[in-house]
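Trainee: As you go down the protein sequences, you meet chains S and V in turn. Last residue of the first sequence: 342 in numbering that gives the first Met the number 0, with the numbers rising by one and none dropped. Last residue of the second sequence: 272 in numbering that gives the first Met the number 0, with the numbers rising by one and none dropped.
Since the hints were made in silico from the structure, they are not lab data. Fair warning: this is a prediction, and the values are worked out from it, not measured in the lab. All residues carry an ideal CB built from backbone N, CA and C; glycine is no exception. Misleading hints may appear alongside valid ones.
Covered by chain V, according to a simulated footprint, are these stretches of chain S (three or more residues, beta-carbon under 8 Å) [said to hold, decoys possible]: (1) 191-204; (2) 275-285.
Computed spacing ranges between beta-carbons, pair by pair [stated by the list, open to error]: (3) S:D157 with V:L51: 38 to 44 Å; (4) V:G189 with S:G164: 21 to 27 Å; (5) V:L199 with S:A206: 38 to 44 Å.
Residues per chain are reported as follows:
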Amino acid sequence: MSDIQSNIEISSVAVGASAAPRESSHSSSSAPFVRAVDAIYEYGGNRKRPSHTIGPVSLTVEAGERVALVGGNGSGKSTLLHLLSGASTPVVGCIEWFGESDIRLVRQRIGVVFQSPALDALLSIRETLLLAGRTLRMCRRAIASRVDELCELLSIGDRLDDRVGTLSGGLTRRVDLARAILHRPDLLLLDEATASLDQHSAEDFNAALDRLSGEGVTVVAATHSLDEAGLADRVIAMKDGLIDFDHRTDQSNGWRDVSHETGSLTIVDPDAATVSRLRDLGVSQSAGVNWRVEPGQLDDSTLGLLVREMSSQDVVLQRDDGAVSTKDASASTVERLQRGELS
Amino acid sequence: MSILSAETMDTWTVRDREIGSQMTVLHAVGAMIVRDLRLILRRPSRIAATLLTPTLIWAFFAAGFSGSLGETAQHQSAYTLSLAAGAALLVVTFASIFGALGLIRDRESGYLQAVLVGPTPRWAVIVARVASGVVIAVGQAMTMLGAAMIFGEGVGPLDLAGATAAILLTAIGLCGACTALAWHFRSIEGFHGIMAGVLLPAWLLSGSVFPPGESGVVLGVLMAVNPLTWCHATIAGFLGAMPLSAVSVSLVVAFGVFGPVCAVTAARGDAKR
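Isolated chain V, as found in the complex (with noise of 0.2 Å):
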């Protein structure tokens, strides 16, 4: 006779699943963010293509505009920092777009499908994804922080920490609301109008090229609403291409709340219809 009955084993064989299922949704976050870093690794020209861009804005606004800026090395320092400022501010804009496009990619490919029937909410899907956004877009945007301590006067490791705590923020503002938008298109086409007619010009329009104050009524106003705006206003300011303002350190803590409730959000929104 069986020490086992066949009620035990069945018992045995549901606990199992429970134990499963206990498996924090952690391990299931992290191997996501995982999974991310390793995609972008394994494909170098991603990393290039967003890097190379700002590079060489910075470098040649920078060297362009140096002799009819200003007088002083200090303006030519200030303006300096400022597009390093900008640099970053694209670097994230740009890592929190290709992390959009892969959002959508794996739609189109199946695997976002995959992963949302399977057990894991989708919060946790959102989560994985804004983080491993974020992961990629500091880690890049230090290169450029590094780049202003080499070029820039007097940035000591201080201004460079408040620097990267404001890009941190940035990115996990942006990556959520880049998420936010991504999660409803189904198609990688549907979103380029997205990046260029709304979150390009949004960093044109951020006073990473030309400050606020020198702009007309009109295009001072869509700057003043910009949250990018304030982004690089405190990016710079820690740098101390510009004063440091307590108003633009607070919109951008507030964007980096506002981002990833929005995605989380757009995501339930989604699971409802």
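Chain S extracted, bound-state conformation (with noise of 0.2 Å):
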């Protein structure tokens, strides 16, 4: 166990632009939308000797927020995901949805999506969403109306009758996670959604993400990707059960803010290493020691994860307007990443 508190409740705090909550169509409560308190479960074995055990685990995730939950295999993220999603009860300790502790009142505002799809192949997309909108108990002309929505926004409309069994993998997901904001929910969970993915077929899952918290859908992800991590405004990462470490990403220089469109970016006196890694990029050498990235020279999500590398590693960067990045509690959190404690 790391000098990391492993159980530490984050309470509501102001955050920076990239990861400010955004405007949510849930009621006008202050409440956090989960809350988690010194929550434990136990599984596998028999009830007196249990062969595993979370928790204690206590966090708040509030409206707008985008969180990748992080950690090895069975450091307990999936776990995590259950209880908040209602699907598992804590033996100890308590959740709260919206300011609610009784789940079956907030289900609707919740959608699930599970690591395996939960979808049946012999059904037609069409008839998945009719049945799925019916289970979340929405009337047929709200399905329809929604439906339209979704075939524009996940890009399924032209497949809609054709069998789910007949779809590729990236589009299968895309299809589950219509399955599960159908109804809007406010609060959107994802166990490792893009982990039978490809790259090409993760990158339009996570567009589609995008696009949803930009609409104010609060969502907490569980991922082993460092891009889809990076993709967030909080990481928070497992381990043994217990939260490792808990981060607001806004708070490490530019993971986030730096894009191709923001300008160039200059990475000052980098060592042999990094020298290395810039060459097998293309990246050129500048003036004197210093290397420069060139806007568009880098896709975002390369030039994201060189930002992240090289902050790791204490190396200076600079961006256009002139901000200076510094080794701060971000960078060991990449670190350990990068060294795969967390994967």
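Quick one: dock chain against chain with the hints and give me the complex.
Mentor: Below is the structure:
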């Protein structure tokens, strides 16, 4: 266990522009979206001697946040998501959703995408969404209208009458996402939803998530992907069933702020290993000892990864606007992720 | 200035949700039943598997034993009708087993979990599962009853209606009981043990193959406590293969109530854990 407090409660704090709580359709209550208080869950073995335990876990997720839950296999990410979805109940402690402790009162405000798609291969996309809408207790007209919207949002319109079993993995995932957000949930929970997707499909899926996040949906996603974690406003890492660290990425010298649209990026006097890495990426030396990434030279994903790598190695970066990176708490976070301690 | 204040808009959003939640849960149950029926109709092999075995058993037993059982045509006809009732009971048993396996498959695939984290209550999921199993079981068992009308002498529409009602109650009880058992299983392999060790022996000891009176003491006791024995006796009684008793009819009605109660209780108990 690290020296970082495993049982931490993060209260609502002001966050930067990139992670600002967005306007949401939830009721006017100021209660946090999800709050776990000293939640412990036991499973496996028998009730007297469970073989696995997660917790105590305490965390608070605020409206509009996009949270990435990272950690190795068996670290407790999925179990924590199950607790947050109400699919499992903690043996000790409690979970609250929108200020309610009874999940039955708020199930209609939560959408869940599980690790494997919860779809019937023999049903068409349209039948799948109609069924999902009915089990979400929506009326037929509302379902039809929402399906039209989702066809546009997720680009599934041209395959609406095809059976799910005939779809590609990426499209199946998007249908699963459509199922989960059909009822316009305020809170969306995803359990390694892109784990089985290739890079292109994962990017499509994440683009859809970006749009949802932009619409104000609060997203909590378990993931093994550093790229996906980098897209989040906040990264929570799990280890041995406990929260290892909980960090807001907007404090991390521009993980999210750097893109090819923000201008060039100067890498100040990199060491030999970094130079080699830059050469691999096709980045050229500018003047003196500095290296420079020009706008559009790298795609955003690669650029984001590069920035995280450089930050973790204490390489100084400078943006066009003069902002200079410094090694802060987030750098150690990234460093640990890079070392594979959390994956 | 906007006519609608932010507060009004917020209230409308909440009201929309409330309208949504007022949609009767029966719509959800209906949708889940339709889903199960669609999946069955799109898997013809499952229908064939349910019907083929009972048909073959009926045909082979009827042909094999017809020469050795009775001297008179009346005995042979009664045995054929008793086997028809047994075949219908086996169809219901298979349909219930397949329904239970479908529930476990839904759990494995994540479909069940996706429904359970939604606003549909557990009891509705159970009711839908039992109801779709009953529709499938009764529909398939009717083919056996149709054959019984062809081969059996003196089976009238009223007899058929009585036998259908008995099959309906049997299907409700058996689908409920199988659903209750399946709710606790996490793998299809685990339920195979129940199928091979409990359900199929229960059918063999139901009087479908040999009458209760001609078995030993131990088998006689096992058959007396076996609910499928009463089910078979009632179906066969309506078909005229044996005398119809009020006791067996009452027990079948009780079984029809017991099964779904077990299923709903299992789901509620699981929810508390």
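Trainee: Each hint needs a verdict: does it hold in this structure or not?
Mentor: Checked hints:
1. 191-204: violated (count 0)
2. 275-285: Coverage by chain V is violated for the segment 275-285 of chain S (0 residues, Cβ < 8 Å).
3. S:D157 with V:L51: 38 to 44 Å: Holds, since S:D157 and V:L51 (Cβ atoms, about 40 Å apart) stay within the stated range.
4. V:G189 with S:G164: 21 to 27 Å: 26 Å, holds
5. V:L199 with S:A206: 38 to 44 Å: At roughly 52 Å between Cβ atoms, S:A206 and V:L199 fall outside 38 to 44 Å, so the hint is violated.
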